[in-house]
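Now that you have both chains on their own, put them together as the hints suggest.
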Amino acid sequence: MEPLVRTVGISKSYPSGGTIVRAVSNVSLAIEHGEFVAIMGRSGSGKSTLMNLLGLLDRPDSGSYALNGREVAKLSEERRAAIRSHDIGFIFQLPALLPRATALENVELPLIYAGIPPSRRRREAKDALDRVGLADRAHHWPNQLSGGEQQRVVIARATVNDPALILADEPTGSLDSATSNEILSLFEALHREGRTIIVVTHATEVADRARRQITLHDGRIIKDVAASGDNSLPTPLALDSFP
Amino acid sequence: MSPLESLRIGTRALRVNKLRSALTVLGIVVGVGAVVCMVSVGAGAQAEVSEKIRTLGANLLLVMPGARNSGGARLEAGTQPTLTEEDAASIRRELTDVQVAAPLLSRSLPLVAANKNWVTVVAGINADYLVAREWQVASGRLFTSDEITSGMKVAIVGSVIVEELFNGHAGPGETFRIGNVPFTVIGVLDKKGLGAAGRSQDDVVFIPLSAAKSRVLGAVRGTTREALDFISIKVSDAIEMPEIERQIEALLRQRHRIRADAPSDFRIENPADILFARGAAARLLGSLLIAVAGVSLVVGGISIMNIMLVSVTERTREIGLRMAVGASRRDIRWQFLIEALILALMGGLVGAVSGAAAAVAIAWKAGWPVLISPWAIVLACGFAGFIGISFGLYPAHRAARLDPIVALRFE
Chain A
1 MEPLVRTVGI SKSYPSGGTI VRAVSNVSLA IEHGEFVAIM GRSGSGKSTL
51 MNLLGLLDRP DSGSYALNGR EVAKLSEERR AAIRSHDIGF IFQLPALLPR
101 ATALENVELP LIYAGIPPSR RRREAKDALD RVGLADRAHH WPNQLSGGEQ
151 QRVVIARATV NDPALILADE PTGSLDSATS NEILSLFEAL HREGRTIIVV
201 THATEVADRA RRQITLHDGR IIKDVAASGD NSLPTPLALD SFP
Chain B
1001 MSPLESLRIG TRALRVNKLR SALTVLGIVV GVGAVVCMVS VGAGAQAEVS
1051 EKIRTLGANL LLVMPGARNS GGARLEAGTQ PTLTEEDAAS IRRELTDVQV
1101 AAPLLSRSLP LVAANKNWVT VVAGINADYL VAREWQVASG RLFTSDEITS
1151 GMKVAIVGSV IVEELFNGHA GPGETFRIGN VPFTVIGVLD KKGLGAAGRS
1201 QDDVVFIPLS AAKSRVLGAV RGTTREALDF ISIKVSDAIE MPEIERQIEA
1251 LLRQRHRIRA DAPSDFRIEN PADILFARGA AARLLGSLLI AVAGVSLVVG
1301 GISIMNIMLV SVTERTREIG LRMAVGASRR DIRWQFLIEA LILALMGGLV
1351 GAVSGAAAAV AIAWKAGWPV LISPWAIVLA CGFAGFIGIS FGLYPAHRAA
1401 RLDPIVALRF E
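Protein chains in written order, with this note's numbering: chain A, 1 to 243; chain B, 1001 to 1411.
These aren't lab readings, by the way, just hints derived from the structure by calculation. Note that beta-carbon positions come from the ideal geometry of N, C-alpha and C, so glycine has one too. Mixed in with the good hints there might be a few duds.
Rough simulated footprint, nothing fancy, chain B against chain A, three-plus residues with beta-carbon under 8 Å [said to hold, decoys possible]:
(1) 53-67
(2) 74-81
(3) 110-121
Next comes chain B alone, as it looks inside the complex (with noise of 0.2 Å):
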C-alpha cells in the first residue's frame, strides 16, 4: 500500500472525531506554541540588546562617583571626594588606550520657548561626550572648543526637543530659555531611540559643561561646584575592557588618596555587560520556558498514545476486516503511526501559529521587534513528528499484532 493511501485512510479516521483528536493534541498545541514563543520573543529581546549597545556607542565605559556598596563603612561628612573634570582630564591624558574621557553633569531642569514648556534633561558636556557616544548633528554643528571653555550659553538638542518645543520645525539659531536663562540652538541630534531604561535617548539638551555649572546648575549645586554625575569612557580595540578598567580604578584611586584596603568612592561600569546580562537573564528564563514546553511536549506525546491505544482497541473489527482482505500487518502499523503522526503534525501546526501570534503581540506590547524564527517553527513541528512517531510505534505495533480471528470476532 502506498504511503498516499496510507495518509488518505489516517486523515479520514481523524476526521470522524475531531474534537477528540483536537483534545488530544493540545498538549503539542501548547509545547509547540511556546516553543516558537520564546525562542521568537527571545530572538526579538536579543536583537534589542544589541541594538542598544549600538546606539551606546561601542567600547564604553561609565565611571561614576560614590561606591555602590561601601561595607558598612562611615565616610565622614564633607570628606568624600567627588569625580571632577579634573579626573576625566587625568584618565585622557594618563591612559594611552582611552580615547575620550568625557565628564557631563545633568539635571532635570524646564524649557520655555516661545509658548511652549518642557521639562527634559539638560546635560554639560564638554566636546568629547559625543565623540564617545559616536552622535552626530542631523543639522547644524558641534560646539567649538572656544564655546566650551568660555562657558557660552549654545545648545545642542535631541529630535524630542524639537518635537516639543520647536513644533517639530526647530533649526540652529531658534532661542530658548533653560529656567531663566536664554540659549540658541546650534545643531539638532540625529535620532538614538529608546535607551537602556526605556527612556527616550532623544529626549535631551546637551550644552557646554562650563555654562552648566557656572549659569544653571552651579547655582543649585552649592557646595560641590566640581561634582560631575559621570564620566564616559571610550577606549580603543587594542585593550581588554577588564584591563582598562583597572587601569582606570588604580589611576583614580591614587588621585583620591585612597588607602588600599579602603572601597573606592567610584563605580565603574560597563553599560554593554549591563545589557549583555539583562540578555542572558531573559536567555534563562527562555530556557526555563522550553524546558516546560518540552514536558509539555511529553505529556501530549502520552496523551496521542493514549487516545490511539483507543483507538485501536475501537476499531479491532476493522483491523481484522482489513487484515481479512489483504492487508499486511505492516499495512496496519503504518496506518496508525501516521495518524499518530498526522494528530502530532497538526498540533504542531497549530502550536506553531499560536506561538508566532503570540510572539508579535509580545513584543508589539513590550516595543520589540518582531523575529519569528523559522528554524524554530521547523525545528518544534520536528520535533512534534518526532514525538507522534515515538508515541505512536506502540499503538500501531499492538494494532499490527492483532490476531485476524480474534479481531474479526471482536464486538
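In isolation and in its complexed conformation, chain A is listed as follows (with noise of 0.2 Å):
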C-alpha cells in the first residue's frame, strides 16, 4: 500500500535577512497509515517548514510530495485550501479558537469550509467535542475555558471532518504538565483509533509519546528512529513520577 505521506527530495527555502536560508533541505519522507511521528529538532532546525509543507499550507521550491498517493506539490492554492480542508486536521500551540466563536462554533469550522450543511455540521461537531469530553462546554466561548479545554476544542476542530493526517504544532507548548499528559493521552487515543499524528515539536516528553522519531538539523533528517522499548503505553503511573 502506497504510505500516506512520501516526500522526495523536498526544499525550501526563504530569505531572511539578506541572505537565503534553506529551512528544508532535500528532505525525503514516508509516513505510513497510522502512524504517530513526532518530528523534532531546535529552533531554526525547519521543523516547523517542513510542517506547513506537509499540511499544504506552503509549497516546496523543489522536490514531490504525495499525499494519499496524490502528487500534490504543484497544486493551485484553491485546491490545496480544499485538500486541507477534507483531508488535514491542525493542531496549533494556543491561542488556536476564534476569539468570538463558541466551542461548537469552532469545532464547526472545517465543516462550513468543506461545505456541509448546517444541520449535519451541527450534529458532527457535536459528536466531536464528546469525544474529547466537552459535549457541555459546547455554548462556551473561548475565553470562558481553561488552556487544557481550548487545546481539546482545538483537537475536536482537527478530527471533526475525519482527516486521513492530523498535524500538529507545539500542541502542548502553553500548557503545564498535568494538562499536557491529557493532551497527550487524548493523542494516544487518537492513535489508537488509527489516525495518523505528525507531532513537531521541541520537547522530548512529547516526543517520547510518539511511535517514531524524527530529529531535524539544518532543514536534513539526522535521525529517524522507531520509539524505544515495545509498543505498549506507559501507565499512569510511571507518567505521574515523570519529573
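Right under this line is the structure:
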C-alpha cells in the first residue's frame, strides 16, 4: 500500500536578513497510515517549515510530495485549500480558537468550508466535542475555557472532518505538565483509533509518546528512529513520576 | 462556502464592534439620507407647483400696468397711460386666439356682517374673470350680464369669507357691507387653496367691476378711474404662449401710442412660467445637495475601506486559522466583501429611513404634499451597496492575499 505521506527531496528556502535560508533541504520521507510520528529539532531546524509543507500551507521549491498517493506539490492555492479542508486537521499552539465563536462554532469551522449543510455540521461538531469530553462546554466562549479545554476544542476541530492526517505544532506549548499529559493521552487515543498523527515539538516528553522520532538539523533529517521499547503505552503512574 | 454562511460570519463580526460599525457608516447614512430627503422634498415641491398651476387655470396670461424696468427713463407726471377696460375689450376683439380678457380692479377693504368684520381683497370683475380662472361656484350663481353692466351691489364670496364673516354657513341672499355699501351674496365659490404667494385664494370677494369703480373703489382712486390692476387673459390651446404674448404687446403698444424705441408701459406675465422657474430653482438647489450627498457617500466609502483595512489587520490570525482549516482565498475575500456590503447597506437603510423622516418633517412644515420616492430609496441604497463593494474590494483582496503561514504567526 502506498504510504500516506511520501516526499522525495523536497526543499524550501526563505530570504532572511539579506541571505537565503534553506529551511528544509532535500528531505525524503515516508509515513504510513496510522503512524504516530514526532518531528523534533531545535528552533531554526526547519521542523515548522516541514510541517507547513506537509500541511499544504506552503509549497516546496523543489521535490515531490504525494499525499495519499496524490501528487500535491504543484497544486493551485484553491485545490490545496480544498485538501486542507478535507484531508488535514491542524492542531496549533494556543490561542488557536476564534475568540468570537463558541466552542461548537469553532469545531464547525472546517465543516463550513467543506460545504457540509448546517444540521449535519452541528451534529458532527457535537459528536467531536463529545469525543474529547467537552459536550457540556459546547456553547462556552474560548475565554471561558481553561487552556486544556481550549486545546481539546482544537483537537475536536482537527478531527471533526475525519482527516487522513493530523498535524500538531507544539500542541502542549502553553500548557502546564498535568494538562499536557491529558492532551497527550488524547493523542494516544487518536493513535489507537488508527489515525495518522505528526507532532512537531522540541519537548522530549511529547516526542516520547510518539512511536517514531524524526530529528531535523539545519533542514535535514539527521535521525529517524522507532521509539525505544515495545508498543505498550506508559502507565499513568510512570507518567506522574516523570520529573 | 455558501453566501448565507458568509452573511452569517459577516454580521457576527460587525455585531462585535457595534459602535465602530455605527460610526463607520455615518457617511453613508448622511449621504443616503440627503439623497432620499432631497428627492422626496423636490418631488413634493414639484407636485405643489403643478397643483398651483392647475388652480390658477391653464393657458393664463396676466397683463399688468407699468414697466418694471423703465431703464431710468423719466415719464412725465400724469401722462403715464394705464390699462383700461377698453384695452381688455380690444384684446378680446382683435386677437382671435384670446378666449377671455378679463379686467380686474381690487383693493383690501373691511367687510361687516351682523356683529363680525373681516378685511379682505375686494375685486371688481366682469363675467369673464371666473371663466379665465376656471373657477366655479359651489352654491348660488355667477353674475348676470345685467348685474355687470348696471353695477348692481351683488357679490360672489370665497369659502374663507363664509367662515370668517358668516360663521361657516352662508348661502345666497345673505347681506353684508363693504365699507358702508350694502351687498347681497349671490354665490359661494369652490375652494382653491393656497395661491402662488402662499396666501389663500379663497379669501376674496368678487363684485361687478362697474359696481367696484362707482360705489366702492372709485371714491379713493380719484384721478385714474379707468385704471385696472390687471387683465387676465385666457388663450386657446392652438397658439404658443410666446406668440400670443407678442401679439398682445403689439396691440397694446399701438393702443397706448408708444414709440418704437420706448419701453412698454405694461408687462405681460405668464404665472405658470414663474412657478416653473421657482420649481427649477428648487430643483437646482436639490441637485447641488445631491452632489454634496455624493461626496458624503464617497467619504463614507473611504471610511468603510479604512475600517475594513483595520479589521483585516486585527484579524490576521483569524484569517490564518480559517485558511488552515480549509478556507480558500475566495472564501476569505467573500467574507470581508460581504462585511463591507452589509455595513454599507445598513448605513443605506438607516439613511433612507432618516431621510424619509426629514422629508416628511420638511413637507409638513412647508405645507407640501409628502412624496417619498421609493425609487430614490432603492437607488440610494443600491448606490450605497455599490460603494460598499467598491471600497470593500481592496481590503478583501488584502485579506485573501495573506500568506497563511505569516498570518498564523501574527500576534
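Hint-by-hint comparison with the structure:
no., hint, in the structure
1, 53-67, "holds (count 3)"
2, 74-81, "holds (count 3)"
3, 110-121, "holds (count 5)"
Checked against the numbered hints above, the structure breaks none of them.
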